[in-house]
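There are 2 protein chains.
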Amino acid sequence: MSAIRRLLTDGSGDFGWQDVDRLRYKAEGSAPFKDITRQVLFSQIDQTCELRYFEIAPGGYSTLEQHQHTHAVLILRGRGTVRIGTDVQPIAEHDLVTVDPLTWHQFHAAPDNALGFLCLVSKERDKPRLPTDEKRAMTSDSPGAVDPAAAG
Amino acid sequence: MSAIRRLLTDGSGDFGWQDVDRLRYKAEGSAPFKDITRQVLFSQIDQTCELRYFEIAPGGYSTLEQHQHTHAVLILRGRGTVRIGTDVQPIAEHDLVTVDPLTWHQFHAAPDNALGFLCLVSKERDKPRLPTDEKRAMTSDSPGAVDPAAAG
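Protein sequences, first through last, are from chains A and B. Numbering that gives the first Met the number 0 applies: residue 0 is where the first sequence begins, and numbers increase by one. Numbering that gives the first Met the number 0 applies: residue 0 is where the second sequence begins, and numbers increase by one.
Worth flagging that the hints you see were computed from the coordinates, not collected in a lab. Warning: the hint list may mix true and false statements.
Given that identical chains are not distinguished, each listed pair holds provided it fits within a single copy or across any two copies.
Below, simulated SDA-like cross-link-like pairs (lysine to any residue); rule was C-alpha separation at most 25 Å, straight line [stated by the list, open to error]: (1) Lys-126 to Ser-1; (2) Lys-122 to Asp-111; (3) Lys-122 to Asp-9; (4) Lys-126 to Glu-49; (5) Lys-25 to Gly-12; (6) Lys-126 to Met-0; (7) Lys-126 to Thr-8; (8) Lys-126 to Ala-2; (9) Lys-122 to Ala-109; (10) Lys-126 to Ser-11.
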């Protein structure tokens with residue numbers, strides 16, 4: 000249905016929209032991550048893709064993972080870093096991030112700044128693969144310490 | 000290929016990105032529009048959708064049109080208005096706009112502000128339909144004067 004859904008401003012600076020649920024990033028305990036939420040902005044019935052918004056609180060991070068599908072990400076808010084393979088780069092508002100298939104990647108919010116990003120994905124996609132348990136333990140406590148090149 | 004493409008800042012305030020071409024919105028003369036450009040941000044080989052960025056200079060506007068595919072738009076920059084059917088609403092940064100199939104719609108930048116928006120589309124989609132020539136003449140000179148309900 001045609002609609003305009005406004006950005007909601009609750010004073011916290013966190014992004015939310017009318018009629019958009021703020022969801023868990025993943026089921027608790029399924030993978031290491033910290034302080035991250037997920038919102039599905041567009042999932043049109045006549046499109047095979049979705050546009051999702053992830054928001055990571057200061058100091059938080061997404062799961063270190065890889066998958067067959069490519070990643071297409073636009074940073075919408077704040078700043079942080081992205082790890083792609085063994086490379087860690089700063090990212091800021093409106094940067095575009097592309098991640099190749101089967102490439103380890105992880106997003107971190109800055110210690111003093113949230114990180115919000117759009118992610119374009121196909122509705123049908125393969126499940127992420129995680130590092131081994133040994134590497135997983137390293138990422139959950141000290142996410143900067145893991146070597147993604149060795150993680151798979 | 001994995002990459003980070005940065006937002007380029009040239010002092011004008013217009014949005015551009017590394018390795019992203021600024022394209023014509025449409026072929027000149029094919030339809031009425033004013034001061035609008037198009038950039039394809041993501042067109043992944045393993046996805047059937049694209050994420051595009053349109054930027055309208057102050058006072059400019061997109062074509063009044065309709066098509067079978069739905070529209071999924073996120074305002075990335077500035078402010079203006081969107082016409083959906085017979086309704087005209089103000090839009091601002093980060094608003095989400097959904098337009099139903101076969102619904103007349105048109106984006107205008109504010110007179111004193113650019114309007115930039117992301118548009119999620121399927122790579123394969125139907126061509127837009129335009130108002131009749133009579134209505135078209137009305138939109139090109141006085142875009143506020145057309146009655147989209149009568150345009151089809």
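Checked hints:
1. Lys-126 to Ser-1: between (32 Å within a copy, 19 Å between copies)
2. Lys-122 to Asp-111: Neither, since 33 Å and 39 Å both go past 25 Å.
3. Lys-122 to Asp-9: neither (30 Å within a copy, 36 Å between copies)
4. Lys-126 to Glu-49: Both: 16 Å inside a copy, 22 Å across copies.
5. Lys-25 to Gly-12: within (23 Å within a copy, 37 Å between copies)
6. Lys-126 to Met-0: Between. Shortest inter-copy distance 20 Å satisfies the 25 Å Cα cut-off; intra-copy 30 Å does not.
7. Lys-126 to Thr-8: neither (33 Å within a copy, 37 Å between copies)
8. Lys-126 to Ala-2: Answer is between; shortest inter-copy Cα gap is 22 Å, intra-copy 32 Å.
9. Lys-122 to Ala-109: neither (29 Å within a copy, 35 Å between copies)
10. Lys-126 to Ser-11: Neither: 33 Å inside a copy, 42 Å across copies.
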